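Q: Line by line, the protein sequences give chains A and W. For the first sequence, this note's numbering begins at 1 and goes up steadily by one. For the second sequence, this note's numbering begins at 276 and goes up steadily by one.
Because the hints were derived from the structure by calculation, they are not lab data. Bear in mind the structure is a predicted one, so any value in this text is a computation, not a measurement. Backbone N, C-alpha and C define an ideal beta-carbon position, used for all residues, glycine too. Be careful, since some hints might not be right.
Among chain A residues calculated to face chain W with C-beta under 10 Å, some are [stated by the list, open to error]:
hint	residue
1	Tyr-23
2	Ile-37
3	Asn-107
4	Tyr-181
5	Phe-184
6	Ala-272
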Amino acid sequence: MERTIVIEAGRTSKQYWLDLWGYRELFYFLAWRDILIRYKQTVIGVAWALIRPFLTMIVFTIIFGKLAKLPSEGVPYPILVFSAMLPWQFFANSLGGSSNSLINNANLLSKVYFPRLIIPTSAVVVSFVDFALSGMILLGLMAWYNFVPNWQILTLPFWILIVVVASMGAGLWLAALNVKYRDFRYIVPFIIQFGLYISPVGFSSSIVPDKWRLLYSLNPMVGAINGFRWAILGSVGESELYLPGFILSIVLVFLLFASGVWYFRKVERSFADFI
Amino acid sequence: MSNTVIQVENLSKKYMIFNEKQESYKTLRDVIANRVKFIPTKLRGKENSQPSYEEFWALQDVSFEVKQGERVGIIGRNGAGKSTLLKILSRITEPTRGRVNVKGRVASLLEVGTGFHGELTGRENIFLNGAILGMSKGEIKKKFDEIVAFAEVEKFLDTPVKRYSSGMSVRLGFAVAAHLEQEILIVDEVLAVGDAAFQKKCLGKMNDVAENEGRTVFFVSHNMAAINKLCYNVIWLERGNVKMAGTRKDVISLYLTNDTQSSGECIWEQGIANPGVREFKFKAVRIRNNWGHITNIIDSRESFKIEIEYKIVEPLPSCQIHIIVTTKEGITVFSSHENLDHNDDKKKEVGSFVAQCKIPGGLLNENSFFITVYAGIPRIKSLANIENIIVFNIKNIDNQQKSSGIISPYLEWTTSQSVR
Chain A
1 MERTIVIEAG RTSKQYWLDL WGYRELFYFL AWRDILIRYK QTVIGVAWAL
51 IRPFLTMIVF TIIFGKLAKL PSEGVPYPIL VFSAMLPWQF FANSLGGSSN
101 SLINNANLLS KVYFPRLIIP TSAVVVSFVD FALSGMILLG LMAWYNFVPN
151 WQILTLPFWI LIVVVASMGA GLWLAALNVK YRDFRYIVPF IIQFGLYISP
201 VGFSSSIVPD KWRLLYSLNP MVGAINGFRW AILGSVGESE LYLPGFILSI
251 VLVFLLFASG VWYFRKVERS FADFI
Chain W
276 MSNTVIQVEN LSKKYMIFNE KQESYKTLRD VIANRVKFIP TKLRGKENSQ
326 PSYEEFWALQ DVSFEVKQGE RVGIIGRNGA GKSTLLKILS RITEPTRGRV
376 NVKGRVASLL EVGTGFHGEL TGRENIFLNG AILGMSKGEI KKKFDEIVAF
426 AEVEKFLDTP VKRYSSGMSV RLGFAVAAHL EQEILIVDEV LAVGDAAFQK
476 KCLGKMNDVA ENEGRTVFFV SHNMAAINKL CYNVIWLERG NVKMAGTRKD
526 VISLYLTNDT QSSGECIWEQ GIANPGVREF KFKAVRIRNN WGHITNIIDS
576 RESFKIEIEY KIVEPLPSCQ IHIIVTTKEG ITVFSSHENL DHNDDKKKEV
626 GSFVAQCKIP GGLLNENSFF ITVYAGIPRI KSLANIENII VFNIKNIDNQ
676 QKSSGIISPY LEWTTSQSVR
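The shape of chain A in the complex, shown without the other chains (with noise of 0.2 Å):
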């Protein structure tokens, strides 16, 4: 109950975690108010969550699939679309969420303490639950085509968690650069938009030369792409992963995350004093 705090310069400590932890609440209430306050003001709400992927799952099985007639590897095209267009909205959403959190929450950075982590994660929480709505259109696609996905599914949570991953890593770097460098606000779109296209979105990485591929897969959202593609095709799709690449990704993914955390905790003592 009792418990003493010591507050000294370039203290990095434990306590940090066990504030984390106890600060709990708050994350679960900061991410409640931004799911709260998402679609508030708006006509058709949470509706959003579902037209913005479908209609761009549309345009790219026109664009990709009909007119430049890309390999469907066998699955209907909108599927093929779907199944990395999830994985990649999330992502594309928590990293646009979280790296102007901080910014967004300047009023509280600069009058109470908690841990800043919290700021950045519960940004990331609330595009989860933009995910998990739009997991709904992929269901539906699944019933139009009577496609029924193998065992593979199974895998699907981790690879929900690599791409969890993959989006805090880079939002706590972009977040914690945000607050110093305010230019990050304009390069973080395009990151977003410049990503869509380089990432296997609209079309499936096996277009790309075998030669390429493992430089293809630095990029550290093709892994978690093509594991959820891999999870929810099955053996209808690319029937195995490219390995080298996979892991590749995998590790730059965790190294992004890793690194993001070192540096938003470094930096974190000062948002107060530069916000």
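Use these hints to put chain W onto chain A, whose structure you have.
A: This is chain W only, laid out in the frame that chain A set:
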């Protein structure tokens, strides 16, 4: 040692002040551009490339101890380091040197209603704000009804806070804060908001919290009356140092008389020391008696003038000078400001000005009074504020009979025999 809850040792905090820009954040371009700019000087090996920032110690080697259940007031002029101290104690920012040991949970109220979100209803905001201030969901639930009753917003619980009047949201904010259960409360001038009745209620609640529940309270205020009422011990900060610490009686009276010019005049030398912002500077404040002499002793029967000299460096539309006259207990006797209607156009120009305010004779009672001068653009921004800059004494020279009260206006009495 056993009941020391806060122990502060040699606490120091350094800030960098960037001279080029006011913004605390920078863009990558600036960083790169600055690096490039300094390359030639570095190549020439010159040492005189002066840095674009200055060091500023907001706190320097501050040490003190607070025992459990103490109510400590922190006073000092603007920029003395009060807010920095509170920010360090509440862990918002880190000290540069020194350490603090805190025993128990700390709740910091540097603002009322931190984190309120306009789109959320009153009910939702109570939970959110409570969580932000460190309450658990269970605690909030338990105290929910009390909070609502204290804030007097029962009818509007399910209305979004953006539709609240500002008074209502302030009440709600304070109500949540007042029901915190942390052992140590850090309060920064939150009482300066809301109407008089609510302020009184807040002060009462704070008193209650400290007295009956034995919690430790840190209270920062410019309002000496509030400090005097609430705190037993007072720490006086000046330029980042503890100038004095002790019981309220000693510290407050010394604080008010020290530093305050007792000669009836205060002149600032030309230069950066002038209080104010870039576009506005105070040059002098003085008191002239009926004959135009500078003095600080005024005959109660005679009128006198408060004279303020200031300089406008950049055109300032409708900038106004205010004066506030207070007693040494911190009670405001009156305040007044320049009338702008007459010389509106002149005021915008650059130049030096002298404003005089005439106080009629036969108004103030025998006592010491303090003058605070303030400059600002009404409803837009405040430019400068110097508290208690001059003290003056009203002497009741001729009248033997002393009257009570802060003022003793000359009032006309007529008495006649009634013809019934």
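Q: Now tell me if each hint is right for this structure.
A: Here's how the hints hold up against the structure:
1. Tyr-23: Tyr-23(A) check passes; min Cβ-Cβ to chain W is 8 Å, inside 10 Å.
2. Ile-37: 5 Å, holds
3. Asn-107: Since the shortest Cβ distance to chain W is 7 Å, the answer is holds.
4. Tyr-181: 5 Å, holds
5. Phe-184: Constraint on Phe-184(A) satisfied, holds at 9 Å.
6. Ala-272: Check passed: Cβ of Ala-272(A) comes within 4 Å of chain W, closer than 10 Å.
Consistency with the previously given hints is maintained throughout, with no hint failing.
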